[in-house]
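4 protein chains.
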Amino acid sequence: MVSVVQVYEKPVLNNPVLIEGLPGIGFVANIASLHLIQELKAKLFAEIRLSSFQDIAITADDGKVRFPTNEFYYHKGRDKEERDLIILYGNTQALTTVGQYELCGRVLDLARDLGCNYMITLGGFRRDEKVTTPKLYCAASDTETVKEAVGLGAEIMEGQIFGVAGLLVGLSKLWNIKSFCLLSDTPGFYPDAEAAREILNAICKMLHLKVDTNRLDKAAETTREILGAFGISQPSQEEKPKEEEKSHPWHI
Amino acid sequence: MVSVVQVYEKPVLNNPVLIEGLPGIGFVANIASLHLIQELKAKLFAEIRLSSFQDIAITADDGKVRFPTNEFYYHKGRDKEERDLIILYGNTQALTTVGQYELCGRVLDLARDLGCNYMITLGGFRRDEKVTTPKLYCAASDTETVKEAVGLGAEIMEGQIFGVAGLLVGLSKLWNIKSFCLLSDTPGFYPDAEAAREILNAICKMLHLKVDTNRLDKAAETTREILGAFGISQPSQEEKPKEEEKSHPWHI
Amino acid sequence: MVSVVQVYEKPVLNNPVLIEGLPGIGFVANIASLHLIQELKAKLFAEIRLSSFQDIAITADDGKVRFPTNEFYYHKGRDKEERDLIILYGNTQALTTVGQYELCGRVLDLARDLGCNYMITLGGFRRDEKVTTPKLYCAASDTETVKEAVGLGAEIMEGQIFGVAGLLVGLSKLWNIKSFCLLSDTPGFYPDAEAAREILNAICKMLHLKVDTNRLDKAAETTREILGAFGISQPSQEEKPKEEEKSHPWHI
Amino acid sequence: MVSVVQVYEKPVLNNPVLIEGLPGIGFVANIASLHLIQELKAKLFAEIRLSSFQDIAITADDGKVRFPTNEFYYHKGRDKEERDLIILYGNTQALTTVGQYELCGRVLDLARDLGCNYMITLGGFRRDEKVTTPKLYCAASDTETVKEAVGLGAEIMEGQIFGVAGLLVGLSKLWNIKSFCLLSDTPGFYPDAEAAREILNAICKMLHLKVDTNRLDKAAETTREILGAFGISQPSQEEKPKEEEKSHPWHI
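Residue numbers (the numbering used here), protein chains in the order written: chain G, -13 to 238; chain P, -13 to 238; chain L, -13 to 238; chain C, -13 to 238.
FYI, nobody ran anything at the bench for these hints, they're computed from the structure.
Wrong hints could be hidden among the right ones.
The list makes no distinction among identical chains, and a pair is therefore deemed to hold if it is satisfied within one copy or across any two copies.
Unchecked claim - Below, in silico cross-link-like pairs of lysine-lysine (DSBU-like), each with a Cα-Cα straight-line distance of 35 angstroms or less:
no.: 1; residue 1: K29; residue 2: K121
no.: 2; residue 1: K116; residue 2: K29
no.: 3; residue 1: K(-4); residue 2: K159
no.: 4; residue 1: K50; residue 2: K121
no.: 5; residue 1: K66; residue 2: K116
no.: 6; residue 1: K191; residue 2: K116
Model, not experiment: these values are computed from the prediction.
Kindly generate the complete structure, drawing on both the sequences and the hints.
Shown next, in the form of structure tokens:
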């Protein structure tokens, strides 16, 4: 077994937008996507297990085993305006570079199969300075989509985006999917509900989603518990400051 | 060659239970499964060799080469009550995460092909404190199976289960197999016959197996010899205390 | 997804020569091939993405995501003398040995499909001493091709050639492609336009290419910017002095 | 490309014996097999290139590129007594465990296709003490073959055999090939012609090969040159003393 993609239901969706929300810096994406799932009562329809996830199981009070997995949820817009969604949520990214590529390929295959041609990946942008109101940053697959992201109030990001959030945007063109990555300022070392709120507000407005962000702290708390139980450290950084890389590209 | 599954015989079994007994903490699973094989005169019917096992051979007094392998044995219940068994026994787990997933996938494929829909994985739960009477701990694939395991006198385990014992339980749902993991207290640093005895007593009662545990020390001694010859250190921990992981899930 | 080879156009070429120009020592190959592409207005026709490339995306001023990729360009000779070319250009080599073999296999498959039976790989030969006029060095797949390379004014190289530049020449025979590697002296720690100029002069003469090398500094500057943004350190050395390896072949 | 098996000629052989001679401890196997090839004028008929070999090329005086490869030679017995041979010779083993398994699988596939059902793997057994006359040691796939190896004057070996020499014997049963490993005492840190001579004398006698061992030093010298140029350190040990492993099988 190298990977298992289990599809429980094949939803019929109308031009859906995929929102990626795997663990990363400040667990911003994780919190935002979990909150969307809970508030929209999005429905689990598929699951991915990869041999490049950790080989562990964990148990909690109820004795039921939990394990590293990535799940797909869908939401059908409740009125004419609200967009259909595919939400990628999970407790891990792949542990290796090869695994990250495999994971992204599977996600893009599945998205294309459901008629998706637009994707938003989420993440945190670590700041050493104290963050008061988190700013948003964006990067996109193409010039047109850059403009749409900037229209959300995001600044154009300069630097490197690591992990699935960056890789999906980098690969999406090959699947004929347009995409942008939306990052929020965060100190990064705890599940950051405030950074997630900024991102949620922006994408809810763009996609005409009616979502109350009052219970965001609950999603942050759940995220803390789940990941704490797994002992999963952040699988990859979504962003690194540009300067430090500049010093060693010609080293051996 | 990535992996070879050699099937010597395809037994016809009646609703068999798979018992996993690969090397791990205190070699508890290894001793218990070897003892079952010897006492029940279970019959070898298949073998798995993976490219993620060690690339060595070892020799003993008789000059015949031994090598890293996983074997499948079967036992047909000797009366109406005694359950049919598939026993997974071996001298190694896979050396890599990807290999562990591949191994588990192969095991689950083979089990499903033989009509198995129930699995028990075994292991040790390392204790720093002195263990007088080993307690049992359990975790399961679903709520119903948690209850069955608790019915054996096991406490619900909280923490992480590493290696094949945990991974099989985590994956079994995708193969429509119910499963639980049964761990026994053990200091963990020697082949622990006493911990194996507790586990054997519990599962023999549950599965109505008539097995004498008097000769368990012999199985422990054989285990010591085989693994000593291979120079195999414990391939993975089945359990780690929960506290130490809690401190670093948000580190980079 | 393990790898994606995207072919945008299948050009009809007349006995084309493949020129390899991936990043390496002094980025000599990278500069030379970029300059060829720009001066000849060579046309992008295919792209390779491998799961053994880095899993990052980077963004610049315009917000558009860039990512690790290898591209193929073609040039059709503008007169009877000028040879048709396939130019392999990119911002990375594969990160692992297995990936390097996969990349080379893909490149050779694609080259053979287009009727290519001659290949020139480029690179830098690091010198600790100060380089005034860079000398050229060569190695080839067969004796006849050695002579052709020596005919360009190159000395026969002695030593090891790491990375795609060496591996392609080592493998080409199995694809019935003749090949040589052309290296130029370079201090190696910056994008070296002078080393690239020596190489370009030699291959342009051999292949009757009319290419102005005056704007080479621009290609070096672009190379510096692209690679700096990626934070990619040199993925592999094309050459190491022979002496240092000699000391440890029989160590354990 | 993961691996390329290039078959130049498919020889018709009569019950051939495969002799493995890849680099290892003291390069004993490498020297012995090279000598056999040279003295018997054995003919190259196939070649294996794996993505788990090193990704380098090296050049020597003549400018022709050399590269990591494994080659197959055959020899047809020159009289009724002399056995047909397949000789596996090369300048490397695979760099990873997975690669070693893949290599062995390919070798066994190819051997079986040519009607081979007997294999001898060669190697050195490192001794810290000074070796005056090297002793021979053996291990085999089955009891009958142990006897045949002991009949050559070899002692039964106790311990671990690493690398292809051990792995091939461990796997051969699954391909219905009987096999033994023949090791010779050696200090191990230089290409050891004396150890190779002991082994050659034994197998030539067994297989009724008429081979002069006077020029063995030449084979050792060639081995030294080839491997020195590649800068290849010994890819794996064929043997380790049994004691040191015994101390840590129950560690974590």
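How do K29 and K121 come out at 35 angstroms by Cα distance, when the copy is not named: within, between, both, or neither?
Within one copy only: 31 angstroms inside a chain, 40 angstroms across chains, cut-off 35 angstroms.
Is it within, between, both, or neither for K191 and K116, if the alpha carbons may be no more than 35 angstroms apart?
So K191 and K116 pass the 35 angstroms test inside one copy only (27 angstroms; across, 60 angstroms).
Using 35 angstroms as the alpha carbon limit, work out where K66 and K116 are close: within a copy, between copies, both or neither.
neither (41 angstroms within a copy, 66 angstroms between copies)
With 35 angstroms as the alpha-carbon cut-off, assign the pair K116 and K29 to within, between, both or neither.
Cα proximity of K116 and K29: none, with 37 angstroms in one copy and 48 angstroms across.
Classify it for me, K50 with K121: is the Cα-Cα distance of at most 35 angstroms met within a copy, between copies, both or neither?
Answer is between: at 19 angstroms across copies they meet the 35 angstroms cutoff, but 40 angstroms inside does not.
Treating 35 angstroms as the Cα threshold, decide for K(-4) and K159: within, between, both or neither.
Answer is both; intra-copy 24 angstroms and inter-copy 19 angstroms each pass.
Of the hints listed earlier, those the structure fails to meet are numbers 2, 5, in rising order.
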